[in-house]
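Heads up: the sequence lines are chains A and B, in that order. If you read the first sequence in my numbering, its first letter stands for residue 1, the second for the next number, and so on. If you read the second sequence in my numbering, its first letter stands for residue 1, the second for the next number, and so on.
These are computed hints drawn from the structure, not numbers from a lab. Here a beta-carbon is modelled for each residue, glycine too, at the ideal position from N, C-alpha and C. Be careful, since some hints might not be right.
If you want the footprint, here are the derived chain A segments under chain B, 3+ residues with CB under 8 Å [to be verified]:
#	stretch
1	45-53
2	157-164
One side of the interface only, derived from the structure: several residues of chain A facing chain B at Cβ under 8 Å [stated by the list, open to error]:
#	residue
3	Val138
4	Pro193
5	Gln196
6	Gly199
7	Tyr321
8	Ser323
9	Ser359
10	Ser367
11	Trp369
12	Ala374
13	Asp408
14	Tyr410
15	Pro413
16	Val416
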Amino acid sequence: MTTKFDLNDDSLVVIIGSGAGGGTLANELAQKGIRSVVLEAGKRFTLDDIENDEWKMFGKISWLDKRYVEGPARLAKDFPNLPAWIVKGVGGATMHWAGVAMRFQEHEFKMKSTNGVVPGANVLDWPITLKELEPYYVKAEKKMGVCGTEATGMPFHGQSSHYKVVAEGARRIGAKCDQATLAINTQVRDGRPSCQVNGFCMQGCKIGAKWSTMYTEIPKAEATGNVEVRPQSMVLRIEHDKSGKVTGVLYADKDGNQQLQKARVVAVAGNSIESPRMLLNSASSMFPDGLANSSGQVGQNYMTHTTGGVYAEFEKPVHMYKSTVVPGIVHEWKDNDASRGHLAGYELEILHLGLPFMSAFLNPGKSGWGRELADSLANYDKMAGFWICGEDMPVESNNITLHPTEKDQYGLPVPVVYKTDHINDTRMRNHAYDRSTELFESIGATKVNYLPPYPASHNMGTNRMSEKARDGVVNKWGQSHDISNLFVSDGSQFTTSGTENPTLTIVALAIRQADYIADQMQRREI
Amino acid sequence: MKNNKPDLGRRRFLARSGITVAGVGIVSAGLLSATAWAARAVGEQGSATLMRMARDIYPHDRLEDKYYAAVLTPLAQQAEADADLRTLLQEGVAELDRRSRERFGKPFLDIAAEGDRVQILRAMEDGAFFQRLRGDLMMGIYNNPELWPRFGYGGSAWQHGGYINRGYNEIDWLVLS
Ligand SMILES: Cc1cc2nc3c(=O)[nH]c(=O)nc-3n(C[C@H](O)[C@H](O)[C@H](O)COP(=O)(O)OP(=O)(O)OC[C@H]3O[C@@H](n4cnc5c(N)ncnc54)[C@H](O)[C@@H]3O)c2cc1C
Ligand code: SF4
């Protein structure tokens, strides 16, 4: 906890962001004896700050700096300033996350070879394969404590009432459904307790049963003495020298004073809106379009997964909130089968919201009122439902750009997020709505509600990996094609989104990247 | 005070989603009668109109007026000190009545059919007056711990040891065929 590094120490790795990517990278490097400073825009929270209250936690830990949503999608109308639901705090969005941890499927690393050119989309193969990532998936599952996997040997959570309802529906329509592999302890493990089923995983786990870098990677990294975490340190820009190597990071400290931390290596892990924003904000006379942007792909290809919600009402109580937030997954349609009318796959993730959030999301926006909505909310305890999570197509015009005139409290241009469906996304969502309806009606649903996408919890693709420098921002190690000592370590590296929730893959990539950085430092390549 | 921060965040979220909020009033605290609560800000007729409107926005016939009044009372109290808010409410009620007279020949409160009242409200739903009420009511009804048991929602669970030993896996109506 007490390690302090000098601002002029230029032997350090500077990691920006302490979430899934940044927090993991810091600990992995620290365990190898590599010293780093973690600059984190948000505060440090403790388990005492965590409450089982949806709005209170939203208010406490969300990233609420000014942002704009643009595009024809309903999100832009319902939530004009909230494109994403993510966290500002030590631990990043691993505080909010639901813990679903699944590996990508083999074909998801090769979507271009699998489907050829998709009109209107910017699809590309990843420069790595499932086989290369597999050993790191095993390490990630062990690190995070993913139940229901061989890597940990921890059992599943057991079937909650919410799970049972959906599983029976799935069985009746012949769809595969299994309990979710969650990075949530079902046994005492790694100094953390077993889940007691509070049902507030997305508000932060009060007892620490769910993996979050906030109380795993970060304190472990600090305990080595090799890491200094500086909370409330908002990175403004990354500096470089005449040779084009990055040399340090300018940030605003908790008192609003600007500080320049020198660096040997810089790793960007601010999540997929802030990471490209930082690179764009670091434009200089040598790099007028922003750092690492010779391809023009920084900020482009923004992906959020194809999402939506489906909540069915029954005659009798389900009490879905008495469960881990995601107790199971219907994964019948996770494969890539064009005969369904869309490419790529999706999962139906059984997921509950509390009554407060349900009232805001069941029919979001200005017209969300009236008897129909109230009647559905009166049936809250008789609901069961899904969050749809499907692969979305990378589209170049879905992107993060800088507002031409408006600045935020740090004096930085406000980010503008443009996101709209590719036709494949729309077809996939409609397929998911239809299959969900069939499933719920098979067990007697009296009404099925379709929810439009809410602010994005999964954000990916805005600094994507590519084999060739002209197609993307980073290589297969997350190292920028243009600047050898500049890395991207978060979900913005994703070439395509896959069907699965992103965090396990972010963590696997960070573990692998740490090996590479250590090797390159030792060889004095960086 | 510890409660201020989350409130601010909530307000900001709703500002971002196009609605605004006031805090949730404490229902059990001695309340004025349902029609008198907002009289000073918008008059007797006005306060009865707002109550009708509130019950049309989130109609739960089994919920007593006091739960709606618990949202409207602090709003009216705030309006006494806040001229802009007072104007918003007064002009909003006047507009509601003007449209009701134009369409149905009587003030909003006297329109008997819910469907007719909803027609008037739908046409005003994009405005600041309507959204202010909707936002306050959403928080006041659905984010009110006092009402959670009525909706069958459990609220905070960790202090009870979660549901691991309190029925997380119980469901008796599924016929496993
Ligand atoms: C409600 C919710 C549920 C989710 N459920 C799941 C799930 O079940 N499974 C799953 O796989 N994923 C889930 N996710 C997504 C998961 O949380 C993210 O994919 C993951 O945390 C992203 O990791 P990251 O490293 O890219 O960014 P983050 O974890 O968001 O970390 C980024 C950090 O960088 C900081 N930062 C940003 N800009 C700056 C700056 N300029 N200077 C300094 N610091 C900065 C931020 O404050 C933040 O702490 C969920 C997310 C949410 C919100
Ligand atoms: S359900 Fe389990 S993981 Fe989720 S918040 Fe409760 S104890 Fe934590």
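Under 8 Å is the threshold here; is the Cβ of Ser367/A close enough to any Cβ of chain B for the hint to stand? For Ser367/A, the interface hint holds, since the closest Cβ of chain B sits about 6 Å away, which is under 8 Å.
Just to be careful: measuring from the Cβ of Pro193/A to every Cβ in chain B, is the smallest value less than 8 Å? 11 Å, violated
Closest C-beta approach of Gln196/A to chain B relative to 8 Å, hint status: Since the shortest Cβ distance to chain B is 3 Å, the answer is holds.
Within 8 Å of chain B (C-beta), three or more residues of the stretch 45-53 of chain A: Three-residue rule met by the stretch 45-53 of chain A, so holds; n is 3.
With a cut-off of 8 Å, does the beta carbon of Val416/A approach a beta carbon of chain B closely enough for the hint to hold? Cβ of Val416/A sits 14 Å from chain B, so the hint is violated.
Is the interface hint satisfied for Pro413/A? The criterion is a beta-carbon contact with chain B at less than 8 Å. 19 Å, violated
With chain B as the partner, please determine if Gly199/A meets the hint condition of a C-beta pair closer than 8 Å. 6 Å, holds
Supplied contact hint for Val138/A, tested at 8 Å Cβ to chain B: For Val138/A, the interface hint is violated, since the closest Cβ of chain B sits about 28 Å away, which is over 8 Å.
So, Ser323/A near chain B? Judge it on the closest CB pair being under 8 Å. Holds, about 6 Å.
Less than 8 Å between beta-carbons is the criterion; does Trp369/A satisfy it with respect to chain B? Because about 5 Å separates Trp369/A from the closest Cβ in chain B, which is inside the 8 Å limit, the hint holds.
Quick one, is the Tyr321/A hint okay against chain B at 8 Å, beta carbons? This interface hint holds because 6 Å falls under the 8 Å limit.
Would the stated hint for Asp408/A survive a check requiring a Cβ distance to chain B of less than 8 Å? 14 Å, violated
This entry does not satisfy hints 3, 4, 13, 14, 15, 16, going by the numbered hints stated previously.
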